[in-house]
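Number of protein chains: 2
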Amino acid sequence: MKYSQLFPKTQREAPKEAESINHQLLVRGGFVGQLMSGSWTFLPLGFRVLQKVTQIIREEMNTTGAQEMLMPLLHPKEIWNETGRWDTAREVMYQFKDTRGREFALSFTHEEIVMDEVRKHLRSYKDLPIKIYHFSTKFRNEPRAKSGVLRGREFLMKDLYSVHVDEEDMYRYYWRVKDAYMRAFKRIGFEDIKLTEASGGVFTDKHTHEFQVLAESGEDTIYYCNECDWSQNKEIFDGLVGQDCPECGKGKIWQAHSIEVGNIFPLGTRYSEKMGVFYTDEQGERKIPYFASYGIGPSRVVGTLVEVSHDDKGIVWPKSVAPFDAHLIGLSGNALEVYTKLKEAGVDVLFDDREVSAGEKFADCDLIGIPVRLVVSEKTGDRLEWKLRNSEDKELLTLEQAVNKLL
Amino acid sequence: MKYSQLFPKTQREAPKEAESINHQLLVRGGFVGQLMSGSWTFLPLGFRVLQKVTQIIREEMNTTGAQEMLMPLLHPKEIWNETGRWDTAREVMYQFKDTRGREFALSFTHEEIVMDEVRKHLRSYKDLPIKIYHFSTKFRNEPRAKSGVLRGREFLMKDLYSVHVDEEDMYRYYWRVKDAYMRAFKRIGFEDIKLTEASGGVFTDKHTHEFQVLAESGEDTIYYCNECDWSQNKEIFDGLVGQDCPECGKGKIWQAHSIEVGNIFPLGTRYSEKMGVFYTDEQGERKIPYFASYGIGPSRVVGTLVEVSHDDKGIVWPKSVAPFDAHLIGLSGNALEVYTKLKEAGVDVLFDDREVSAGEKFADCDLIGIPVRLVVSEKTGDRLEWKLRNSEDKELLTLEQAVNKLL
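Residue numbers (the working numbering), protein chains in the order written: chain U, 4 to 410; chain G, 4 to 410.
Chain U on its own, in the form it takes in the complex:
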């Protein structure tokens, strides 16, 4: 794509109210725009990143045998009353009356809505397991949303729900989803990620698990072992930093700030019991199914990537989710020809074709953070200057060499 045609361009200054790094860099780079506090447009450049994050998560969910669908966002009060969450989750839910006095909530999660659909169809053990997920908007009544796209009044969520004959089958799939989450987060580009034990909040009495990315700017505090996989969050940790790990006995407990990018909930039979969901087992007996839910916020993932991967010049996107494969800067006449050839070779390239100074083009390139920078100028002749975003090394390559390294 030609940068001259992209809406919008970069901006020099971050908005005054932007406190967090992701807010500052994503707005300056033209990735997102703020409608109001906690409410974001993913502009074309940001949408490309969001789509790549989404597609990686989709692929990993599908490997677990889960099926994609799409559920409504406006929910009747009656369904939320069945589990009591109309009252217990009132603080986080937007609730309102329509002009005819009927009461609704905006989706902050979908357990009740999934259970309602499941009970219409579930008859026999042969119908289980059920594994369904969607990418959809969630709303949370946030009094002060100050963390950029990390925390909003509304945000994108991938939520998966699974229904099982018994606890054993639920946990078998639960750990399979855990593995799929870890694969997704690695593919997205997170390096320091912990599976952290946590409490269930308004979801369940059981312990649940969070996926926490270590980040200095993180709002969460977690405790983890420096030797094994043991980790707990602040809500449930009951020990001292520096003590021996209760799990392996060899390592020590460390403390760190972190950002939660996903969570998984082994809900058990709480929702099925309250909502009257049953199935008939092989012996013809009526049984209560086990239920679990699993969330990842793709928009939050984008913000987290910026928090952990940037420098003083701008964002440094991992290759797997970068908005383009390469950023081509044209400083001489034959840049358009190079752009055309790169596109024909199948390279997804952003071409800065504007009539602005070289300095401005280089600064915007660093701000936008595409992993590979290519420069065509008088100096490079019939070659291209190749430079990675996170390195100062430059080399001169032929077009063919550049294409081979990119594809």
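In case anyone wonders, no lab produced these hints; they're calculated from the structure.
All values derive from a computational prediction rather than experimental measurement.
Take the hints with a grain of salt, since some may be wrong.
[As the list claims (entries may be wrong)] With a cut-off of at most 27 Å between alpha-carbon atoms, the simulated DSS-like pairs for lysine-lysine come out as follows:
1. G:55 x U:346
2. G:397 x G:408
3. U:316 x U:397
4. U:80 x U:209
5. G:5 x U:80
6. U:12 x G:316
7. G:5 x U:290
8. G:390 x G:5
Assemble chain G onto chain U, guided by the hints.
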């Protein structure tokens, strides 16, 4: 995919309250589920159709140079007040106060939100045209939603917005989008579709255009020429059925029922003026940009397809948006082997592997409506019985022949 693993299965009876054909067949086939009146889950089978419709629309929007993004659904009252639509569109908008007394609307369209983002970035004529679109949920306060997925309290919408230096450039792009819409609707499988002149409703004072699919069950009434492209909707038609066409003079005016699947609005400067959106032209003068918007409801498109393409046994999906390429019915032992080979060859196949009667499998296959039915049985030996959904002809093919016809 194995049908035994798909959630949910078909159901014999339509819900009692289901008045429309799309409601009856989509629920019976397991494509959609109703949460409440006018509120639908697209279940895995229905989501596949929705995704294919969406992808065709996306491809055609991209050919016009439009850029995909994603905008918020919760909007502050202040923005809707700038154009006066907080009051004039009050009847269709869900409006509510949060717990802190702040007033919001749920998105029923996005003109104001787009204009707010555009005015933050638009400086010069060099920034124009801007062409941005998204697929997102829309909400409408519908008192009685009785048309299945055709009319809902919430639904999926592709809305595109374009901003231009002048009226001429706006109309140039307007007609280009019209062509892209026509291509999209043809690819989706609509045969009888009319471009119909209409009034602008709460959007604009100008005449707009609707894309109307001729359908006996349609709620709309349109008038069209039996010779040329002339067509008007009921709101603005001021003539008699049977009279000479005012456009070509050769044809006669006919009347028909129809379903609206898309609309395009040449909004002009109304929104830019009210919201203070400007740009600087080549002479350095401050100018008001021209604005247009363009909508297609992909969920409504799915319902319309069912209304115009079904028989007494079930749905007849066009090939381009069918949930699978082929429906394989296994009545003998080697069906699993055939299924595996079809998948390996790249055929997206639904394999009915259940232990139910042949009659039930054939009935479900007709209800679900995948274009190609393949049967493996004792009778077919090492071949496959090939039958199209909309034909009674059967032929015996080798696996290789079947694959070649499918790909």
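Hint consistency between residue 55 of chain G and residue 346 of chain U [alpha-carbon to alpha-carbon, up to 27 Å]: 26 Å, holds
Straight-line alpha-carbon gap residue 390 of chain G to residue 5 of chain G, limit 27 Å: 20 Å, holds
Given pair status - residue 290 of chain U, residue 5 of chain G, alpha carbons within 27 Å: Since the Cα atoms of residue 5 of chain G and residue 290 of chain U sit roughly 25 Å apart, the hinted pair holds (cutoff 27 Å).
Proposed proximity, residue 80 of chain U with residue 5 of chain G (alpha carbon, max 27 Å): At roughly 36 Å apart (the allowed maximum being 27 Å), residue 80 of chain U and residue 5 of chain G break the hint.
Pair hint outcome, residue 80 of chain U versus residue 209 of chain U [Cα-Cα no greater than 27 Å]: Given that 27 Å is the threshold and the Cα spacing comes to 25 Å, the pair holds.
Given pair status - residue 408 of chain G, residue 397 of chain G, alpha carbons within 27 Å: 14 Å, holds
Satisfaction of hint between residue 397 of chain U and residue 316 of chain U, Cα-Cα up to 27 Å: Within the cut-off at roughly 18 Å; holds.
Proposed proximity, residue 316 of chain G with residue 12 of chain U (alpha carbon, max 27 Å): 54 Å, violated
Hint violations for this structure: numbers 5, 6, all remaining hints satisfied.
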